[in-house]
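Now for the letters of each chain:
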Amino acid sequence: GAVVSQHPSRVICKSGTSVKIECRSLDFQATTMFWYRQFPKKSLMLMATSNEGSKATYEQGVEKDKFLINHASLTLSTLTVTSAHPEDSSFYICSARSAIQSGAFAYGYTFGSGTRLTVV
Amino acid sequence: GENVEQHPSTLSVQEGDSAVIKCTYSDSASNYFPWYKQELGKRPQLIIDIRSNVGEKKDQRIAVTLNKTAKHFSLHITETQPEDSAVYFCAATIHTTGNQFYFGTGTSLTVIP
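If you read the protein sequences in the order shown, they are chains A and B. If you want the numbering used here, it's the 1-based position in the first sequence plus 48. If you want the numbering used here, it's the 1-based position in the second sequence plus 912.
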């Protein structure tokens, strides 16, 4: 089945530094990548949607200058948390969408394994 | 946009009993309803899904029902086992257009041995 490799799985960084999270689709082309954030014991909240080769669309309340998303190829999307602060500590997870067939119910969705970010 | 509500937020059952988790959605255009199981620190795993043209789907101990008129769908787990303990999320989306998933708030299920 489709696999999305997400790295790193865990990262601890100092306040003020930037952290890059990568999601790679290993055996399919991810035309769209959804980036989610999950706080402990909470649901997955969509941060942004990125389509290959175009600018990401951010959800209301998500700072696009703080959470930089790049989707330069059909197999790689990155999320960079710039000038991270302790309140950015969270579980970040990507979900890749691929076209699996034509017609109705034409898309497959595959989650990455998540990145636990801790800002100290 | 879509709004998905999920109840209960926590659920404890004795091993062997059944567990039921319910979700409601607001957008009548939503046509795909997956259920995910997430263990601590892990990615959500798709356990079952249902499309709007079906009222019920079953896979061994897991079943999902959908009432399009009332805009609600439910997850049923029978003969629960300790390894079923996890957080379960429902979601809704307009699958034919490849939209984002709108997730419920999650249910923490604990199966007591």
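To be clear, the hints were calculated from the coordinates, so they are not data collected in a lab. Hints are supplied without guarantee of correctness; some may be wrong.
[To be verified] Covered stretches of chain A, as calculated for chain B (at least 3 residues, CB under 8 Å):
1) 62-68
2) 82-92
3) 117-123
[What the hints assert, rightly or not] For lysine to any residue, the following SDA-like pairs were computed, each having C-alpha atoms within a straight-line distance of at most 20 Å:
4) B/K949 to B/I959
5) A/K89 to B/H919
6) A/K114 to A/G156
7) B/K949 to B/A982
8) B/K954 to A/P88
9) B/K954 to A/K114
10) B/K954 to A/I60
11) B/K949 to A/L124
12) B/K954 to A/S63
13) B/K949 to A/G156
14) B/K934 to B/D971
Source: prediction; values computed, not measured. Note that beta-carbon positions come from the ideal geometry of N, C-alpha and C, so glycine has one too.
Outcome of the hint check:
no. : hint             : verdict
1   : 62-68            : violated (count 0)
2   : 82-92            : holds (count 5)
3   : 117-123          : violated (count 0)
4   : B/K949 to B/I959 : holds (7 Å)
5   : A/K89 to B/H919  : holds (14 Å)
6   : A/K114 to A/G156 : violated (29 Å)
7   : B/K949 to B/A982 : violated (24 Å)
8   : B/K954 to A/P88  : holds (12 Å)
9   : B/K954 to A/K114 : violated (25 Å)
10  : B/K954 to A/I60  : holds (18 Å)
11  : B/K949 to A/L124 : violated (26 Å)
12  : B/K954 to A/S63  : violated (25 Å)
13  : B/K949 to A/G156 : holds (17 Å)
14  : B/K934 to B/D971 : holds (18 Å)
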